[in-house]
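Model the placement of chain W on the given structure of chain Y, informed by the hints.
Protein sequences appear in the order of chains Y and W.
Number 160 in this note's numbering belongs to position 160 of the first sequence; there are no gaps in the numbering.
Convert by adding 1000 to the 1-based position in the second sequence; the result is the number in this note's numbering.
No lab work stands behind these hints, which were simulated from the structure alone.
Some clues are possibly wrong.
Stated by the list, open to error - Calculated cross-link-like contacts (lysine-lysine; reagent style BS3-like; alpha-carbon spacing at most 25 Å):
{"no.": "1", "chain 1": "W", "residue 1": "LYS1273", "chain 2": "Y", "residue 2": "LYS393"}
{"no.": "2", "chain 1": "Y", "residue 1": "LYS109", "chain 2": "Y", "residue 2": "LYS191"}
{"no.": "3", "chain 1": "W", "residue 1": "LYS1155", "chain 2": "W", "residue 2": "LYS1119"}
{"no.": "4", "chain 1": "Y", "residue 1": "LYS391", "chain 2": "W", "residue 2": "LYS1217"}
{"no.": "5", "chain 1": "Y", "residue 1": "LYS280", "chain 2": "Y", "residue 2": "LYS109"}
{"no.": "6", "chain 1": "W", "residue 1": "LYS1273", "chain 2": "Y", "residue 2": "LYS109"}
{"no.": "7", "chain 1": "Y", "residue 1": "LYS113", "chain 2": "Y", "residue 2": "LYS2"}
{"no.": "8", "chain 1": "Y", "residue 1": "LYS388", "chain 2": "Y", "residue 2": "LYS113"}
{"no.": "9", "chain 1": "Y", "residue 1": "LYS391", "chain 2": "Y", "residue 2": "LYS109"}
{"no.": "10", "chain 1": "Y", "residue 1": "LYS280", "chain 2": "Y", "residue 2": "LYS388"}
{"no.": "11", "chain 1": "Y", "residue 1": "LYS113", "chain 2": "W", "residue 2": "LYS1273"}
{"no.": "12", "chain 1": "Y", "residue 1": "LYS2", "chain 2": "W", "residue 2": "LYS1273"}
{"no.": "13", "chain 1": "W", "residue 1": "LYS1119", "chain 2": "W", "residue 2": "LYS1217"}
{"no.": "14", "chain 1": "Y", "residue 1": "LYS393", "chain 2": "Y", "residue 2": "LYS113"}
{"no.": "15", "chain 1": "W", "residue 1": "LYS1155", "chain 2": "W", "residue 2": "LYS1182"}
What the hints assert, rightly or not - Here's a subset of chain W near chain Y, in silico, CB distances under 10 Å, partners left out:
{"no.": "16", "residue": "ILE1027"}
{"no.": "17", "residue": "SER1028"}
{"no.": "18", "residue": "GLY1030"}
{"no.": "19", "residue": "TYR1179"}
{"no.": "20", "residue": "GLU1188"}
{"no.": "21", "residue": "ASN1227"}
{"no.": "22", "residue": "VAL1229"}
{"no.": "23", "residue": "ARG1250"}
{"no.": "24", "residue": "TYR1255"}
Said to hold, decoys possible - Here are the computed distance ranges between Cβ atoms for each label pair:
{"no.": "25", "chain 1": "Y", "residue 1": "ILE386", "chain 2": "W", "residue 2": "GLY1026", "range": "39 to 45 Å"}
{"no.": "26", "chain 1": "W", "residue 1": "SER1230", "chain 2": "Y", "residue 2": "LEU405", "range": "45 to 51 Å"}
{"no.": "27", "chain 1": "W", "residue 1": "LEU1105", "chain 2": "Y", "residue 2": "PHE208", "range": "50 to 56 Å"}
{"no.": "28", "chain 1": "Y", "residue 1": "MET65", "chain 2": "W", "residue 2": "PHE1257", "range": "37 to 43 Å"}
{"no.": "29", "chain 1": "Y", "residue 1": "GLY353", "chain 2": "W", "residue 2": "GLY1137", "range": "48 to 54 Å"}
Ideal Cβ placement from N, Cα and C applies to all residues, glycine included.
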Amino acid sequence: MKTRVWATLLVGLIVRVEIASFAGHATDLGFFTYSARLYYETGRFDTLFSSLPLLYYIQLLFYSMYAIIRDAGFPDIVFLYHPNYMLEGLILRIPVILADAGIFYLLLKFTGKLRYAAFYLLNPFIIYLTAAWGMYDSLMMLPLVTGFILVSRNQTRLASLAFVISGLIKLFGIIPFGLMAIDNIAQKRFKEFAIQLGIGSGVSLITFAPYFQGGLENFYVGFVLRFLGGSGALSRSYGIIAAFSGLRFTGSTPLIWLAGAVVISAFIVDRRRGGRSMLKTLLLWSIVAAVSIDIFTQAEPQWLSWVIPLSILYAFITQRDGLANFTYFFGIMSTFLSITLLQTSTYLVTGVGSVLFNGLEALPNSIILSDVTALSMLLMLLGYVILKPTKFKIEVIALTTLVYLQAYFWFSIMKVVPF
Amino acid sequence: MSVYHSINISLDQSPIIAVRLQVSRGISYGLRFWGVTMDNKSFTAWHEGSALQHRPGLGAPETILASLVTESSIPNPTLSLTGARITRMALYVEAGPLITGAFSLYVSSLRANSAQVTKSSSNEVNGNFTALVADLGPTMATKTLYQVFVGLDIKGSSDLSYVPYLTVGASVAAQGYTYVTKIATTYELALLSPLMVNSSPLFSGSVHSSSLVVSAKTGMINFFHLNSVSIRFFVKQTAVSASVDPAIARNLVFYFFIFLFVIPVAMVILVVKVFKDED
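Okay, chain Y solo, but in the shape it has when bound:
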C-alpha cells in the first residue's frame, strides 16, 4: 500500500511541476508576479493586491526563496509570451501544489482509500487549476477539508479556525463557518457562538491589519464590497444567469440571496430533524451552497473545483461510491470545457490564445455552451448527493455528451440565444 501511495503522490507532483514550469494564466500570474516583485524589489506592500490578503502573505513567503536565488545571480528565462519568468511562475505555485499534496494526505488518512485520495490528486481539473492556470483554490480547500475532518472529531473550535483561514483565502470557507454559527445559535450554545465569533473576527483583523495603511475607504470598497458582491463595476460575464439574461450585475445576481436563504433554512430544518451527524449535514449543505454559488452568481470556472474534495468526503461518509467516481468525470469534463470554451487550448501554454481545434474552440456563444453543460453536471452532482446512493454509470458520460451536443447545436450552430 505504502509504495502505491508514494507512486500516486509522485505522479501527482511530477505532472504538476512539469506543467507549472512552462504553462500559466498570463493575466492572473501577471497580478501575482507584479505584487511579489513590488514587495521584494521596492519594499512596498501591495495594498491593492488582487485577491484576499492571506494568499499574498503565503506567496511572499515562498517568493522569498526566489528573491534569494535571483540575488545569487540565477538567470531565469521567460517562456514565450508569459509575463513571469519560468522558475518565478513555478515558485508562485509551490504553495498550491503543496496544498494539493496536503489534501491528498487528509483524504487518504480520513477515508483510508487510495482511490478516493487519487480522485482528488490526479483529477485533471485540480491539476489544471493548480499547475497550468496558477489558481489558488486548493490553498482554500486545504483548511476547508481540515475543518470538516476536525468537525468529525468534534473539535468544533479548531474547525471554526480552519474554516476562517479557508475563508480568508477564498470567501467560500466562510459558508461552513457561518452554518456552524447558525447551528450554535439555533441550539442556544451562545458561549460557543461567542468563541467562534471571537476566533473569526480576531483572525480576520490580524490578517487585514496591514491593508488598513492603504486607507479605510480603499479597504472598504476594494475588499469588503468587492468580495461581498457590492462592487460598482459591471464587470463579470461568466455564469448562466448572466449569459442567458444578457445582464451584467455589480456583484452577484439577486437570486443568490434566495438561494442562500434556502440553504440556511434547509440546514436548520435538517439539524432540527436530527437524523444526520453534524459532519454529514454540514458537508451536504456546503456542497449545495457551492453548487448554488456556481449557478446563481457570476461564477468563475475555477469555482467548480470546490465541490470535488467535499463530494469525495461526503461520498465516503455516506457510502456513495458513485458520487466519488462522478467527481473524477466532473473534473475531466470541467477541464475540457474551460480549456476549449473559455480560454483556447494554447492560452495557458504559450501565453496567447489561438485556435488549434476548429470544431471545439472559440465557438459562437461559447460561454453559454460551457454554462449549460456545467449546469447539467452540477444538477447530476446534486442528484448523486441528495437522492439515494447510485453507482456511476457510463450513461452519465453519454448524457453529458448529449447535453453538450444539444447546446452546441442550438447555441453555437443555430445561435439561438436570447441576447
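Same frame as chain Y, now just chain W:
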C-alpha cells in the same frame, strides 16, 4: 451603405454633435466625419475603436453624442485644430455575411451644440457634468503601463453610469469597467487597464498631457472628488496579440495534454483496477 451630408461646424467652440436615430436590430451602423484645417488641409475625424463605429442597431430610438474635437484629435494627434472646421459627415449601416432582410436607419434629428466647459483648479467639483477631465501632467510612456487605480468620490443622477479612462495625448492608454453608483458609499476604487480599452471618451484632455477622464455613459455627474491615482508599470512582454508557430503550439499543447490528462487518467485506472484490493 453610406449616406453623406455636408455640414459646416467650427471646432473652435468645442462642438458636441447629438444625433437622434433608430436602427434595426441585426445590423451595425456608425458615424464618420471629415474636416479642413484653417489653411484648407483636409483631415479625417474618425477612427476605428471609437464608440461611434460599428454600433449594433438596437431597434429602438437612441441618442448618440460625440465631441468633434475629440473625434478629430485622436486620429490627428499633431494637427493644429485652431480654426479648423468639420465639413462632411457620413452615416453608414453594415451587415455581417449571410445576414439578409429589410433593415432601416431613421435619423430624427441632428444637432451641434457648443460644449460648456467648466475649469477648476481644485480636485473637487459640483454641478452637472457629462464628463470630467483631470490633467495629470505631461504625457508618459505607456509601453509598460500595467494598471491604474483611481480612488474617487462620485455622486450623480439615479441612472448614472460612467467609464474612467486614462488618456495620454490623444490616445486612450487605459480604460476601466462601466461603474454605477452604490448605496453603501459614494467612494469607488476604479481599476483601469490597457487590456480593457475598447472605446474612447466623449471628451479627452490636452494632446500634450496625460489625463484622467471620467465619462458618463448614462445620467449626469453632480459631484466629483479625485482622491488618488496610482499608475503601475510592469516590464513584461505584451501578450495582446502575438504569433507562435502553429506547429510549435500544437506540439506544446499535446505535451501539455499528456501531463494533464493521459498520465493522471492512466494512474487513476491503475489505482482503480489494478490496486483495487488495496482499498
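Hint-by-hint comparison with the structure:
no., hint, result
1, W:LYS1273 with Y:LYS393, "16 Å, holds"
2, Y:LYS109 with Y:LYS191, "32 Å, violated"
3, W:LYS1155 with W:LYS1119, "19 Å, holds"
4, Y:LYS391 with W:LYS1217, "54 Å, violated"
5, Y:LYS280 with Y:LYS109, "18 Å, holds"
6, W:LYS1273 with Y:LYS109, "21 Å, holds"
7, Y:LYS113 with Y:LYS2, "12 Å, holds"
8, Y:LYS388 with Y:LYS113, "22 Å, holds"
9, Y:LYS391 with Y:LYS109, "24 Å, holds"
10, Y:LYS280 with Y:LYS388, "15 Å, holds"
11, Y:LYS113 with W:LYS1273, "13 Å, holds"
12, Y:LYS2 with W:LYS1273, "17 Å, holds"
13, W:LYS1119 with W:LYS1217, "21 Å, holds"
14, Y:LYS393 with Y:LYS113, "21 Å, holds"
15, W:LYS1155 with W:LYS1182, "9 Å, holds"
16, ILE1027, "16 Å, violated"
17, SER1028, "16 Å, violated"
18, GLY1030, "22 Å, violated"
19, TYR1179, "4 Å, holds"
20, GLU1188, "5 Å, holds"
21, ASN1227, "7 Å, holds"
22, VAL1229, "12 Å, violated"
23, ARG1250, "6 Å, holds"
24, TYR1255, "8 Å, holds"
25, Y:ILE386 with W:GLY1026: 39 to 45 Å, "44 Å, holds"
26, W:SER1230 with Y:LEU405: 45 to 51 Å, "48 Å, holds"
27, W:LEU1105 with Y:PHE208: 50 to 56 Å, "54 Å, holds"
28, Y:MET65 with W:PHE1257: 37 to 43 Å, "30 Å, violated"
29, Y:GLY353 with W:GLY1137: 48 to 54 Å, "36 Å, violated"
This entry does not satisfy hints 2, 4, 16, 17, 18, 22, 28 and 29, going by the numbered hints stated previously.
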